[in-house]
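In my numbering, the protein residues as written are 1 to 331.
A hint or two may mislead.
DSS-like cross-link-like pairs, simulated, lysine-lysine; straight-line CA separation at most 25 Å [unchecked claim]:
no., residue 1, residue 2
1, 306, 318
2, 306, 275
3, 58, 100
4, 317, 306
5, 306, 100
6, 100, 275
7, 58, 318
8, 275, 58
Honestly, the hints are just simulated from the structure, not real lab data.
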Amino acid sequence: MKGQTGWTDLPVARARRARAPRRRFLLWGTIAALVAMIGGVVGVALYVGWQLTHPARKPLTGTPADWGLAYEAVTFPSVGDEAPLLLNGWYLAAQANGAKPKPGVIVFAHGYRQNRLQEDVPALALARDLVRAGYDVLLFDFRNSGQSPGQVTTVGILEQRDLLGAVQYARQRRPDARVGLLGFSMGAATAIQAAAASLDVAAVVADSPFADLEAYLEENLSVWSGLPHYPFTPLILSLIPPLIGADPAAMSPVRAVAAFAGRPLLLIHGTADAKIPLEDSRAIAQQARAHAAVELWTVEGADHVKAYAHNPAAYTKKVLAFFDQHLGSSR
């Protein structure tokens, strides 16, 4: 029997019913693929964020004795942590090394993925020059670096507490002396932040600092991660605060200099710096002029934290002149 709703329509209805499961399969397959893709992107971002904030420790491969320096292994607590970290370092006394002591202690602050040796400078060569000139020098490892405890690196946010602990130790060790900071890269930015937080810091030398951590990461994270800017950089930045328990927006030397209250700041930056552009130091100097006795020394042709290696004599002369003016004379 034939008709509009008769037997002849049955094959069409069966075909429609047969296509429906295929459409549902394609729909759910597409959804599953999208979920897997999003999950993969998030997974990669989480892995990279974890690696950036939990870098492998760089082992210590030498001591001040390798440079003919007498030293003392020391420990001191971080400042401001609910459970302070006991940080490890070396104290190099000028008197113990045959130099006439000046009323100044210089605390070194190392960079990201480095330790107190900061071998790309190298820190001990510079420390030797300063000790011979009469300054006590304190070198130490930030949290999660070298021989200091800790599980996370925060690119200066929490490391500021470590540096303030070092300043406190230096003050206790030499109550008669002023304290100066000499930082490299992350340590340079951290030194500016620490000085803004503590009037116990009399002077700062900041070698190759970034101006603002959040802005720096937004611009340069893809260089460090090796991943495309989109979608990874915004995603990684959103994951960093819960990974480290701190907000990168809190780390802004260009804003922190407003609290310098006239204290001296020497910025050093190489014109060939491929990691942190010279413009970052220029921005800090521009902002600091109303709040600090600031000077920017640019070193032609020097790469990141390579100004000392580029010309050790000129670097030492510049830094010593700065510290002699602000630390080295009796009050």
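**OP:** Sort out which numbered hints this structure fails and list those numbers smallest first.
**Re:** 3, 5, 6, 7
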